[in-house]
Structures are given as structure tokens and as C-alpha cells.
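Peer 1: Protein chains in written order, with this note's numbering: chain A, 995 to 1260; chain B, 12 to 357.
Relax, there's no trap hidden among the hints.
Below, in silico cross-link-like pairs of lysine-lysine (DSS-like), each with a Cα-Cα straight-line distance of 30 Å or less: (1) A:K1083 to B:K86; (2) A:K1006 to B:K133; (3) A:K1083 to B:K82; (4) A:K1006 to B:K86; (5) A:K1083 to A:K1006; (6) A:K1006 to B:K146; (7) A:K1006 to B:K125; (8) A:K1083 to B:K133; (9) A:K1254 to B:K86; (10) A:K1230 to A:K1135; (11) B:K146 to B:K125; (12) A:K1083 to B:K125; (13) B:K146 to A:K1083.
I should point out that these hints are in silico values taken from the structure, not numbers from a laboratory.
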Amino acid sequence: MTAMNDSFVVAKRNVRRMTRIPEVLVFGLIQPVMFVLLFTYVMGGAITVPGATTDPNAYKQYLIAGIFAQTVTFAVAGASAGISEDMTKGLVDRFRSLPMARGAVLTGRTLADSVQTALILVVLSIVSLLIGWRTHNDLWKVFCGFLLLLLLGYAFSWIGALIGLSVRSPEAATSAGLVWLFPLTFISNAFVPVATMPGWLQPIAYWNPFSATVQAVRQLFGNVPPGMVQTAWPMKHAIPVSIGWSVLIIVVFRTLAVRKYRLADG
Amino acid sequence: MSEAAISAEGLVRTFGDVRALDGVDLEVPEATVLGLLGPNGAGKTTAVRVLTTLLRPDSGRASVAGVDVLKHPDKVRSLIGLSGQYAAVDEYLTGQENLQMVGELYQMSAREAKARARELLKRFSLDDAAGRIAKTYSGGMRRRLDLAAALVVRPPVMFLDEPTTGLDPRNRMALWEVIEELVGEGTTLLLTTQYLEEADRLAHDIAVVDRGRVIARGTADQLKAQIGGERVEVVVTDSAALPLAVEALAPYAIGEPTVEPHTRRITVPVTGGARVLADVIRDLDARGILIHDIGLRRPTLDDVFLSLTGHVTEAEEGGDEDEGGPQSPDGETGAGRRAGRKKARV
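Just chain A, same shape as in the assembly (with noise of 0.2 Å):
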């Protein structure tokens, strides 16, 4: 109760300082339109989508997912520059001096995290469709994907929170929470299909967690190309999967996290 409570009223903090330096929120925001942008008309062209119709609307409907998803593992950087910033100032002295719940000071960060993630998703979603992106199920189908894509943003925030405060920077936490994303966004499904890489390399891109989710929400999306033949074991059962890892990544980063803000000594 105490918990919840103290989460909520630092979760509003965090919203509240979005709202007063809103060019965090809206740099946030051009860098995965870029990226729609890029792949679909840059790269889009090279790339064949198999099982995919010749339609040249084709790969967008593949690689929107992907981009999604990529979208909300970036809440990483937030929550691990956020983090670190309020450690490195006097405020986290007052939070951790008042008797307040242990775990709010993290869990309203990643609360807000979320919020900024779905404004990202609302945005993204209006360019998608405005350059020819639409889906292909039940609208509560559609629903529960972008639930499973703010899940997979929320577990990802927690590992934000991990690194910053584990780095004795903000700006270390910039980057150590973005370089790993990169190959681990790219080594999945995301961008291109998985069949078309080295065999050893497959292996990995099926059981990377971010494959899961955006293979998850492509199917309830209703983007997954109609001649696609999925085989591998964590594609065939997306959705499991990629609740699974998210949980999984909450339950561990969660509890690492809380364990080094209660022994932190500032």
C-alpha cells in the first residue's frame, strides 16, 4: 500500500519534469520516426521479405513491429540517465532519509518511463499509418500487442535503472544504457528476416527477447507475411515467450536494482 502509493507520487515527479523539459520527450520521438523513415525508404527497397506478397507496401508491414519494439527497449537510456542524475544530486538524500518504501524511488521512474513509452508509441503509430502501415486483426488483438510492447519497455527500464546506478555518471548512463541495444535490437527479427543470416547466428536470433516480442506483436499486429514458415521453438509461441522474458527480466533487474539503491551509500 505504502509502496504503491510512494511509487504513484514519485511516478507524478517524473512526469511532471517531462512536461517541464519537454526536448527529452521530443528528441525521444524523432529518432525512432527516423528510423520508420529510413528503413522503410532507405533500406526497404533491398530488402524481401519471403512469403511476403510482392506488394512494395510489404517490408513496412514486416518492419513496423520491429521498429516498435526497438522503440521501447530505448527506455533504457531514460531510465538509466534519469536514475543517475537524481543519485549524483542531493535530492535521492532526501528520499532515502524519508520513510518512504524502498523500492518507489525506482519503481516511479520506470512508472513514468512507461508513460513516456506509450506517448512514443501514440506518435509512431500516427507516422506509421500516415506512410501506409495497417494492421490486419481484431482491434483488442491489436490492443494487447502494444500492451506486451509497454511490458517489454517497462522490463527494459528496470535494467536502465540497474546501470544507472551502477555508473558514477549521467552521462556515462547515456551511452553504457544504449551500446549493447544495438546489436541486441539488430541480432533478432526486427529489421530482417532471421533465415537470412548465418546459420550460427539463428540460433541466437530466435531465443534474443526482443525476437519473442516482435514476433509477438506481429502476429497481433496481423503483419506477420502469410507465406512465412515459422520452425523456431520461441517463434512459434511468441507470446508466451515474450511475457515470459519480460517478467523474467523484471523479476531479476528488479530485484538487483532495488538491492544496490538500499546499499548505495550516495
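Knowing the structure of chain A, use the given hints to seat chain B on it.
Peer 2: Leaving out everything else, chain B in the frame of chain A:
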């Protein structure tokens, strides 16, 4: 004697090779102010962090308002207010939002927190700035907001870590007045400061800290008495008159006079205060000695501080090989003795 609101025993905390706290004992009776006085890096902030549950000591015990700091940190947190060296406010929230957030984190209802925030902003003359984000506040305003945040639940025990460092004199005075009001209301206060004037004005008791140890403690007056009582200082107009003046002062002196020929200054320890000063003036005048300047000087905390920390520093720099030697475990009882010992070694 009233129960101690803050007590600490043998606090030790090391950071790598640095012993930030090297066996600190403290005791602050209820509704009194203890001034923790020391230079930068003396361990003042570390002591505050331990007592406010922000840092665990390597060893030692501490309790606040009768609650064990190490065993029940959560309980302690609901009894204390902390205002640190760096204003702990969110600079992107308004003054009102900052205080309201703290209130809500103390489990107040939103309405209660809002009302309390308004009340505090008014008290600290921040009501005009209540709706502005703290980033736009001046240094003094931020400090006041920070202090207000520490007062949200009217805690019985407060910790103020260098509350006026970096403030201009006007803001410092204003903050002192607020602190005095708090103490008048019965709050127990532990205050750290580098300013002797501040400790002298606000604190009932003073503990002088250096290199993680309490090297002296007592009231301001006791500390001043410790390094000697009052002195008469005479500056004569003509240096030729110095021997004559020393002779004239001899009957009043209770110790050896100090003569500084180049400044034509004589200092003699005396007792009896202003009356002695009047007698000295009359006597010198009667002997036809021209006085350039004369005054009765009581030792300031500066003198205390320099005499204690100055010598300790010299002794330890010159004597690293001594460190293996026996160290008095009770650094505080022997404040004067310790200082004396160090002095003798120099």
C-alpha cells in the same frame, strides 16, 4: 538530566584508506542544539549521514529519539528531518510541488500535504515563488525550500548539514532566525558548520571534529576557557615605552606577558574583566605612557579551533611513524590533554 535525543557511540566508517569517522561519540539532550564544528573533510557530513540512516557505519552504535539507527532505520526516518549541504529539491518542480511531494511521501493525504506545503512556503517567505520551478530560485531561496522540506512533518529531531554554507550574510541571518525559532519550539538539533560564529550563536554544546574524531567538546564558553581566559592587549605609541608598560602591567598579569616589539603590542592574561581594563588605562596614563590602542580580548572560537586543529595537523604530518603507537580510545575525554600532548610533541 533529560534523555538524549541523539546519541552515538564509537562510530567508525572508512572509505578506502580514509577513516572518515574514527570513533565518534556524541550525545545531544532533548531540545538542545549540538554544533559539530570542523574543517572540510573532518567527518561532519559522514556523521550526519550515519545518524540519518543514509550510511551504515563499519562499527559503533547510534540512536535517535531512543530508536536504534541500525536496527530500525525506517522508524528513525519518520522521526527526523534532514537538510543537507546541497539543497535537496527537485529543480524542475515548483516550490509547492516539492513540498507537497515530500508530504505525500510521509504518507500525508494529498489535501493535507498541499495545506502543509502552503503553510511552510508562507513561513519561509516563499509564497510569492510557490508556483515557480525551483531552478529559478536564488541560492538562499533553495536553502529555505530545502529546510522547509525537512520540516514537513514537524520532526522532533533535525539534522542540518552546513545549512548556511555559500549563503550571503543577509540570507544567513534569516536562516539563523528560523533555526532559533525551531529550537525555541523544542526541536532537538544537530548542526554541522565550518563557521565558528554560527556554532557560537546557535549551539548549546559544541563538538570540535577533525580527521574523524571529536577533539574537544563543551559549551562555547568552556571551550574558550580551555585555551585561556581573557587578556588585555596594549599597543603603545612609542616602542621605547615597551619595558615601562610591561612593568606597569605586571601587577595585573596572572601569567607571562607576550611582547611583540615590531607591532609594539603587549598581551597579558588577566582576570576581572572590564574593571581591570579601566585600572590598566589609569595606571598607564599616570606613568605618562601613550596608548595607541587597548582592549580586553576574550578568546573566540577561532582561537579554540586553531589551537586544537592547528596543532593536531602539524603533529600528525610530522609523525606518521607514530601511528602504530597506542591511541587513546576515548578521543573526546582528553580533548585538552590530547591537544596538550600534541603541542608538546611539536
